[in-house]
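Colleague: So the protein lines, in turn, are chains A and B.
Be aware that the first sequence starts at 5, since it is given in the numbering used here, and climbs by one per residue.
Be aware that the second sequence starts at 5, since it is given in the numbering used here, and climbs by one per residue.
Hints in this document: simulated from the structure, not taken from any laboratory.
Fair warning: there could be bad hints in the mix.
The list makes no distinction among identical chains, and a pair is therefore deemed to hold if it is satisfied within one copy or across any two copies.
For lysine to any residue, the following SDA-like pairs were computed, each having C-alpha atoms within a straight-line distance of at most 20 angstroms [unchecked claim]:
#	residue 1	residue 2
1	Lys598	Glu140
2	Lys606	Ser522
3	Lys598	Asp141
4	Lys598	Thr138
5	Lys598	Ile142
6	Lys98	Leu68
7	Lys325	Leu162
8	Lys57	Asp96
9	Lys325	Glu191
Given next are the chains, with one letter for each unit.
Protein chains: 2
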Amino acid sequence: MKRGEVWWVNVDFEPLGRRLRVGRGVSILTAAQQAGVGLVSICGGKGTCSRCKVRVLEGQLSPLSETEGKKLSPDEVARGYRLACQAEVLSDLKLHIPPQSLTAAQRTQVEGRELTVPIVPVVVGRDVRLPPPTREDIRSDLDRMRHHLAETLGLSDLIVDFALLRQLPTRLREEVWAGTVGLRGQEVVSFGPLGRELLGLAVDVGTTKLAGYLVELETGRTLAAAGAMNPQIAYGEDVMARIAYAMEGGEQAVALREAVVGAVNDLARDLCTQSDHLPEEIVEAVVVGNTAMHHLFLGLPVRQLGLAPYLAAVSEALDLKAREVGLEIAPGGYVHLLPNIAGFVGADHVAMILSTEISEAEGTVLGLDIGTNTEVVLRANGRLIACSTASGPAFEGAHIRDGMRAAEGAIERLRIADSGVEYQTISDAPPVGLCGSGVLDAVAQLRQWGVVDERGNMGDHPGVRRTDHGPEFVLVAAGEEGSGREIVITRGDVGEIQLAKGAIRAGINILLDEAVLSEQAIDQVVIAGAFGTYIDVSSAIAIGMFPPLPLDRFNQVGNAAGMGAKLALVSGEQRAKAAEIARQVEYIELTNDKRFVDEFAKAMYLK
Amino acid sequence: MKRGEVWWVNVDFEPLGRRLRVGRGVSILTAAQQAGVGLVSICGGKGTCSRCKVRVLEGQLSPLSETEGKKLSPDEVARGYRLACQAEVLSDLKLHIPPQSLTAAQRTQVEGRELTVPIVPVVVGRDVRLPPPTREDIRSDLDRMRHHLAETLGLSDLIVDFALLRQLPTRLREEVWAGTVGLRGQEVVSFGPLGRELLGLAVDVGTTKLAGYLVELETGRTLAAAGAMNPQIAYGEDVMARIAYAMEGGEQAVALREAVVGAVNDLARDLCTQSDHLPEEIVEAVVVGNTAMHHLFLGLPVRQLGLAPYLAAVSEALDLKAREVGLEIAPGGYVHLLPNIAGFVGADHVAMILSTEISEAEGTVLGLDIGTNTEVVLRANGRLIACSTASGPAFEGAHIRDGMRAAEGAIERLRIADSGVEYQTISDAPPVGLCGSGVLDAVAQLRQWGVVDERGNMGDHPGVRRTDHGPEFVLVAAGEEGSGREIVITRGDVGEIQLAKGAIRAGINILLDEAVLSEQAIDQVVIAGAFGTYIDVSSAIAIGMFPPLPLDRFNQVGNAAGMGAKLALVSGEQRAKAAEIARQVEYIELTNDKRFVDEFAKAMYLK
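Excised from the complex, chain A in its bound form (with noise of 0.2 angstroms):
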């Protein structure tokens, strides 16, 4: 070896940010889990599976392999695509993994990423330093600050928020008559020490899960990202058994109210403790959710929701305080709500267009929320269409025998090899049960496998079993692999999933029908959503949940929805197009839409 060769290589792993000192010539999958970074890898690195795709960025790497040549398609490698498994690091590597290739428990950090438009902040920071009372200056405290803006920021006509105002002859004698105000256009409802950051707080709301982020609003910064269960599970496990459960009465209404607002407030917590700062320095909130979800958080009636026409109360973005909907945060803070749609296309649907920015796309763009309601979108010829589709809860692993959500033990990743079933779990721990992506993965498997038919049945096949209950294939035999239980597919899960996908691929249909174009103008589709994020692209299409179209027009961006709420959190821009987004959605009622019967039926097939 000659003098001054590099041994030592540095690799990037974005947008995780992380970054690890490697030797020459390990693979880059060592290379990640010496970092940290968890790739799926279902085969355990035999270049069999080919879920372990990375993108390389900079530097150089090991030819190709042969295996690569098969896996990976003309496409791919032409845009730098490599198996993790088998690229060996030749020098300074800057990666980036695509969330479909991270484990679950990594997926979330990606969350955490910077944001790319221009901060347009809605709450600045303006340091203050007032003259103190005197004998001869007996203003009072109000005036005093007014004036002060007044003459020293050329701010008149400003108001101060009354908790605020509560709080300020306190404050100020504390700090000494100098500080930080945050100034909300021509409100004051703010005031921190000298020089402090204003903070803001972004959350998804959704039906089973919320994601919340700390947001540096001058800078577009985020500190800290978390996720929670919504505690309204506890209440009904879908949109419509929480507004049945609401509508029973007042009391109900507001345990339900309680529970998300008293988890958001968690959650705000965790991320300012994770960040070390305090709840009380968020001076700004926006939450986005469904139509339902969005209701509940405020407050609002949802009977009228849960009966035809079903029609939301208040479609509008709103702008209140946040102690009003029980936020707490900076006293005389704001939340922001983006506007809803409809009934069933909610704030979350606005959020996830406008980050995904599927309103501004030239092409024929197709974007999809899957949950246990799916909205989907079809941007074309200028129009925006979009419609929701009753997926159900299948995809969140409920109503499936072995299902589960997606936590640690839960098979996220399966395929059917002829050695037998191999599978990927969440922190590779013995498996529990599937959720969602491996429900999804194994009914794809068996059907390639030929043992389940288009109509769902299962046909003989040495995994299959006849029990009282109908059929059902083992995927994981008890004791296999440390797992206590034996894990199996049912035909039931099978329809179960027929029902979901069907739904999904109505959807889908009636918008196309509806811009009158056919699936293969579709140039792009955008997977949002946790499950989106996870799933198997190609197990999709197998089944035809999607249309079969090459694997790289898909997009799947993960929680665009709560990327949506941080874009409008640090830009009054993005919320003033949030809303240009909300008027011009056309929406499409499903359950009125003479067309959807048949596309539905069509549409479980299995091919």
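Since chain A is already given, all that's left is putting chain B on it; use the hints.
Modeller: Only chain B this time, still in chain A's reference frame:
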């Protein structure tokens, strides 16, 4: 008697609005007694006490009696004053009863009198009839409302109060898409059944008492008036004691706030019950009080108000959501707080100046609002100068041995005749003590009869007896006229009155000095406040509390602060005027003023 001769005549008692048909020739006093109008009459109709003065507005009476010739000044005669016990009714009659001629129980009724300013409503009602939703028209409830208001009334960019929004979906359906909205500028603050009147609440929060008025906002008509005690009394008798209590900690401050807010809510409920309305029909409230009451009501800190240089947290007028301060009115209703002038001259004084129109007076006018703190204002040469003096609680009956509040059995009028002590009690009940006006009369009479000297010392007199605690004068012997106990006035009581009246007179003198005017330059003295209404002005002059001016320059106007609150309730113009008054007033802080000690010492003499 000739045919057609009038036997029966109508007597109108204004401003009570009471009318009675009486036989010709009866005295006004008799007519008043029959009509249930409580005229003061210490001498029992002998014409010696001259307290039953009334003013004739229209109609004919018997000629002036010899007694009246002696007891009324030529100016009073010229202005139509008569003694009710002397004058006999000869024709239909319209009388004005000055508040000081009314017994205490009835004076509060006067407060209900109608307003004379143009109504410029802050909230206006508009009837709406919305198109109900259909499968084709699935706009949100809020959109539906806003579009309708824009189309039918040309009102765009409206906002709907959030608390109202929470009720709107339910209320719209209950009222089958038709109702009356309350509009406050750009905001919808209420929704009720079609055609419902919008109500307003005006409250004067005094240190001791609250006075409340329920008013129709669009007509200005007073529907009900009522008083109540300020329950904060349990935490301290005067303003300083309350501030000290609030300074003990957060809990104490909250207790004070909740006490007074609860009392205002109770008062609002009472007023509504009286007039067959509901508190949620009240869409706007105006609250006035001194600066400490204002701050404690709003939950603003008072520490800075209790320590030199005695700063208000807020002096400008505030428009707050009533729910933010805990007022239980319409969910979207506002409460307007008139501006404060300084730490010890509050919104109640602004309201008093507003309703008495002192700020617009041509000549030199002195205004007094007598209470535990007495606010004094001088209008002279285009200036408005004000100060506050700590007159103490003696006029509320406190710190006086046999003192009591103005309640049943309190001696409210007293004179010493050759035959002994004559007095009148509230509700003509057996005497149980002396209220403020009774104490004032007693000291004036003792001084007039030479029982006490200039310094307040009691000389030798058959009524004076010496005790271990000093000399005292027996006003009512035990057992006399049903009294269960003796009622005396002590040397100490005289001293309390000296302190109180000394403070007030010192304030008056300093304002005159500031304006470089003599007492005689005062064209009018306006005396506001409950106590100020009840006192005998000549007694107040006799002890040197007021400058020795002709009686007809004094004008006792009752609860002028409450009246000012009513004006501000029904008129945006009046609010603007109040703000202008607060800006215009030059405040003199007496605790800083070099003249005060001398003036106070001089003013304590009883001359």
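Colleague: All hints, please: hold or fail.
Modeller: So, going through the hints one by one against the coordinates:
{"no.": "1", "hint": "Lys598 - Glu140", "result": "between (78 angstroms within a copy, 14 angstroms between copies)"}
{"no.": "2", "hint": "Lys606 - Ser522", "result": "within (16 angstroms within a copy, 101 angstroms between copies)"}
{"no.": "3", "hint": "Lys598 - Asp141", "result": "between (75 angstroms within a copy, 18 angstroms between copies)"}
{"no.": "4", "hint": "Lys598 - Thr138", "result": "between (77 angstroms within a copy, 17 angstroms between copies)"}
{"no.": "5", "hint": "Lys598 - Ile142", "result": "between (73 angstroms within a copy, 18 angstroms between copies)"}
{"no.": "6", "hint": "Lys98 - Leu68", "result": "within (17 angstroms within a copy, 112 angstroms between copies)"}
{"no.": "7", "hint": "Lys325 - Leu162", "result": "both (17 angstroms within a copy, 18 angstroms between copies)"}
{"no.": "8", "hint": "Lys57 - Asp96", "result": "within (19 angstroms within a copy, 105 angstroms between copies)"}
{"no.": "9", "hint": "Lys325 - Glu191", "result": "both (12 angstroms within a copy, 16 angstroms between copies)"}
Consistency with the previously given hints is maintained throughout, with no hint failing.
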